[in-house]
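Enquirer: Whole structure, please, built from the sequences with the hints as guidance.
Start counting the sequence shown at 4; every next residue gets the next number (this note's numbering).
Since the hints were made in silico from the structure, they are not lab data. Remember, it's a predicted structure, so these values are computed and weren't measured experimentally. Mixed in with the good hints there might be a few duds.
In silico lysine to any residue, SDA-like type, Cα no more than 25 Å apart, as pairs [claimed, not checked]: (1) LYS33 <-> LEU21; (2) LYS33 <-> VAL74; (3) LYS170 <-> THR86; (4) LYS33 <-> ALA199; (5) LYS188 <-> TYR158; (6) LYS162 <-> ALA181; (7) LYS170 <-> LEU22; (8) LYS188 <-> LEU83; (9) LYS33 <-> ALA165; (10) LYS188 <-> LEU85; (11) LYS188 <-> VAL156; (12) LYS170 <-> LEU21; (13) LYS188 <-> PHE159; (14) LYS33 <-> SER185; (15) LYS170 <-> GLU32; (16) LYS170 <-> LEU192; (17) LYS188 <-> ALA25.
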Amino acid sequence: MDWIVPFTLTVITASTPLLLAASGELITEKSGVLNLGVEGMMLVGAIAGFAVTATTGSAILGIFASVVAGVLISLIFAFLTLTLMANQVATGLALTIFGVGFSALVGSGFVGFAIDPLPSLSIPGIRQIPVIGPILFGQDFLVYFSLLVVFGVGYFLTKTRAGLILKAVGDSHHSANAIGYSVIKIRYLATMFGGAMAG
4 MDWIVPFTLT VITASTPLLL AASGELITEK SGVLNLGVEG MMLVGAIAGF
54 AVTATTGSAI LGIFASVVAG VLISLIFAFL TLTLMANQVA TGLALTIFGV
104 GFSALVGSGF VGFAIDPLPS LSIPGIRQIP VIGPILFGQD FLVYFSLLVV
154 FGVGYFLTKT RAGLILKAVG DSHHSANAIG YSVIKIRYLA TMFGGAMAG
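Expert: If you want it as structure tokens, here you go:
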């Protein structure tokens, strides 16, 4: 039974990037944009974050670099698909292929590098509770942030006016445009948010 806690900790830590990327992609998809390049954004964000962290020694700068890289890649995707009207499926797949190649190219220069993991947010006394203590109260801040993002996205989509507008744009962009909403602007912002979360 000693394997349960380490296994659960590993699963939670490994699923955090997927949770963030899925939350961002949900916003993008709700705006009516089909982004199949999420994996490419994740790869570019990952290598950017690793490179900056390995170079500077700062995990915070690495996270910032990941977000910036994700946003930049999402802007390229948005420009190609929303402004130039390129096919979203083909562009997304091309973006994924680009991410695989780019991360392999840049990552080859960091083979053998090791960076320290993010520190755990430990609450004295609570983390020592058997089994659930380390699982619930022994994670780094990104794990808790990802949970906040999930609840925040859910609240945004169901309880806010902006969320309803976003869904209206995705459901019927002609109607949304007819009543004065800028469909392109909203989709750009949604795609950028998706890129930031994927990065």
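Enquirer: List, from low to high, the hint numbers that the structure doesn't satisfy.
Expert: Violated hints: none at all, because every hint is consistent with the structure.
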